[in-house]
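Student: If you want the building blocks of each chain, they are given just below.
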Amino acid sequence: MGLLDAFDPREASPTTDGILTNRGRFGVLALIAALAVLGPIAASVRPFWLYLLVQILAFALLALSLDFVFGYAGLLSFGHAAMFGAGGYAVALLVTHVTPNALVVLPAAVLTGVVVAAFIGWFSVRARGIYFAMLTLAFAQIFYVAAFADLPASLLGVETVTGGDNGLVGLAALEAFGVVDLSSRLNYYFLTLALVALSLLAIVRIANSPFGRVLQGVRENEDRMAFIGYDVERYKVIGFAISGGFAGLAGGLYVPFQSLAQPQLLHWTLSGELVVMLLLGGLGTLWGPMLGAGVVILLEEQLSGFTAWEVILGAVFVVVVVFAPQGLAGVLVSLRDDPKDTLGKVRDALANYREKVLK
Amino acid sequence: MSEPLLRTDSVTKRFGKLTAVSDVSLSIPEGGISSIIGPNGAGKTTLFNLFTGKHAPTEGSIEFRGDPIDGLEPHEVVARGIVRSFQITNFFAELSALENVRLATQADRTGFAPDDFLAHHASLSEATDEAEAVLERIGLLDVADRTAANLAYGERRHLEIGIALATDPDLLLMDEPTAGMGPEQTDATVSLIENIAEDATVVLIEHDMEIVMNVSERIAVMNSGELIARGTPEEISRNEAVQRAYLGGE
Amino acid sequence: MLAEFSSVLRATMLGIQLGMTLALVAAGLTLIFGMLDVINFAHGSLYMIGGYLGVTIASQFGSFWLALLIAPLAVGVVAAAIEVFGLRALYGRNPLYHILLTFGIAIMVQGLVVEIWGGQSLRIEAPEMLSGTVSIGPVQYPVYWLFVLAISTVLIAAVWLMIDRSDLGILMRASAHDTEMVDALGIDVSKVFTGVFVFGAILAGIAGVLLGASRSVSPGMGFGVIIEAFVIVVIGGLGSFKGAVYGALLVGLVTAYGALIAPSVTDIFLFAMMAVVLMVRPNGLFGATEAA
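Residue numbers (the working numbering), protein chains in the order written: chain A, 1 to 359; chain B, 1001 to 1250; chain C, 2001 to 2292.
I should point out that these hints are in silico values taken from the structure, not numbers from a laboratory.
None of the values given here were measured: they were computed from a predicted structure.
Every residue gets a Cβ at the ideal spot worked out from N, C-alpha and C, and that includes glycine.
Among these hints, one or two may not hold up.
[Said to hold, decoys possible] If you want a taste of the chain A side facing chain C, the calculated C-beta under 7 Å gives, among others:
#, residue
1, Ile130
2, Gly272
3, Ala308
4, Ala315
5, Val357
Between the sequences and the hints, there should be enough to build the whole structure, so can you do that?
Tutor: In structure tokens form, the structure reads like this:
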């Protein structure tokens, strides 16, 4: 089975159209190749760019993991920070106490993400819609408070586990049996790029699997799915756990690079920001949210000079929600299909807005 | 006929103070078409909800092929071979007609083995073949690739039946399959129901008395949650309690 | 023993007072949801704007009372703008977009507040006549907190009566259930929507000023209170006014008692309570349960 088979050109479903076409898979490959070339250039011109790129890749992976459950299964998780942070803390603790071997700590991050997500999912899937969102948020906040107040330390009777509000700082760099030096930023970048690309491949593959189809059915009409014989709650928990594994990996890649695991990784505002990335990029397209993650992080970086960068970010977001609900992916697809028509669509959107607001 | 396919024993369902179904005991033998009739609010749909695991009965029991099924989850009931269609079309609006039906034919072929996560969904070619066969049977093969939301009303109603049919049920419960249809569509739907009844047991909830009298072998009449009569079409049409419920009630 | 009793009594009073003030925030949130089907993530921001405007007005004019009057009205104006220029364009779309829009607005407000008032925490000067403490049994209790309790309770009772009894309340409930019917009666539903949104915002603005003088006013307060308010309305049942009031009292008391037992992890009690409630009653304590 070749790698490319995952991006199946037979794909014909209206909801998964886009990246999964022939053109789309070459687009992705071209982008991965471009990023691979960009790495060494960035390393020699401005090493800071590498730092940004790794950050973008980690959040792209996190956004991808959320889009898999949100875009595909319709589960709005407002608690994905829990899996991200848990993966990050798992790596930080292993590096501090056991080993910095990437082949140990990264799988552990995935596993932690799966376990945390299965736990949260198992309790939350009975609730639906906004109640589901609030339950995931609540559970994620429990993890946040536990890390912030270093609850594990009190329970175990030791001095410190999570490091409280300071977090775990000064983590050693990862390595792989002494063969690959991952303290080199460029090597770490390549590792991250490779893992994010593989994750995308895996998620596209799962989305196209019989299981992925069931998740799509659940999103469309979960009641009916039950009445044709699917154990909907089980599918949702498993889908959520799979997503959590990728979110954990994202955290596991992010933390060693920052050399810091802090409670903020678990906070609900990070989950919220993640939802922003999804919507900005284009819900349910898988590639859109990854793009959205990149745009949000670049925007934050560019705007951080201004004190009011949040105002601009929020405003961009509001405009997208009102005028381009399909997000950047929708805009790009529209530009590709019919560039001239896009201008007309903008006009329509404005007219529509005026009519609704002034009615 | 020896053992009934489906049997209820003094089934009662209350929602708070409202008793939707009250002490209903009935049995449905295997094969053919049975109908449940009664005025609006008589408890017919609630009875379907009880049969299919949407609600558990407050009192009483339900048996399918001699095994109790009350309290099972909907998907567990489907696994036993009982499937329903809905009065209000309840499908996958954004998916194509083929995919709507395919989700149903795929159901008993999908589990949690590695291949279910890693194989391409198109590798379940039997599910696709079966789905196409169902579409042909319900007359929608021509529009297989059309998004469900874009189908005409009659087509949607048939797709609604097709989704249920595609699970290959032993007992198909159909909730007002002809609701809102014109005469021609109704005829087509009635032939479809008769065709389905050749290899599955069908229970209909239906308001159109002409259809009920023509196709049913047995009829049960409900009023205000209670079973007030049961019998062949001839017996029912002569039954005074039924006439009172219909003429006096509305 | 006496010391313990007095700290429990004090926590109880504090919890009730906090609960009633949170009820002002949660009531708006739940009313807006019940009517407009909008989960208003910016509701905490409106509360925060109330607090900050309160600070400015109180320090400019030296009058707490003026702040209590003007700041909530100004919050109402901001809310009207949000409803008309933002939400109105989204009605009829997936309710998810409401969350996302109001989340975007919340981010903007957060940034604006830091831009205008800076990052440090501020405080509204409570009026002279409400300073000092009174003895209630063994507890020395601040007069201002009693005042907050009284005014919150009166407001909540008034809103409750209004929703339950008045024509306006009936109209509001009617448009929540069936906007087409209200349309048919010749009433402009979009005006009712704007009205409810503004009304909910004013309640939040009042809470912002009241708590701005007992807690403090800081850029984190918007996001902080919205989580508390969500917990409250989810426990009480989205859209239920009664649920919001009981939920708020519950959350206020749990917060106050939690501070006695384990101050650093009080939030865990709240979230665990919410999780338990939802597992037992997936639509909250007073939420609409699925009928037939």
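Student: So, for every hint listed, does it hold in this structure?
Tutor: Quick rundown of the hints versus the structure:
Checking Ile130/A against chain C: minimum C-beta separation of about 6 Å stays under 7 Å; hint holds. A hinted interface residue such as Gly272/A counts as satisfied when its beta carbon comes closer than 7 Å to some beta carbon of chain C; here the least separation is about 6 Å, so the hint holds. For Ala308/A, the interface hint holds, the least distance from its beta-carbon to any beta-carbon of chain C being 5 Å, beneath 7 Å. For the restraint placing Ala315/A at the interface with chain C, the shortest Cβ-Cβ distance is roughly 6 Å, inside the 7 Å limit, so the hint holds.
With a cut of 7 Å, the hint placing Val357/A at the interface with chain C holds, because the nearest CB-to-CB distance is about 5 Å.
The structure is consistent with each of the numbered hints, conforming to all of them.
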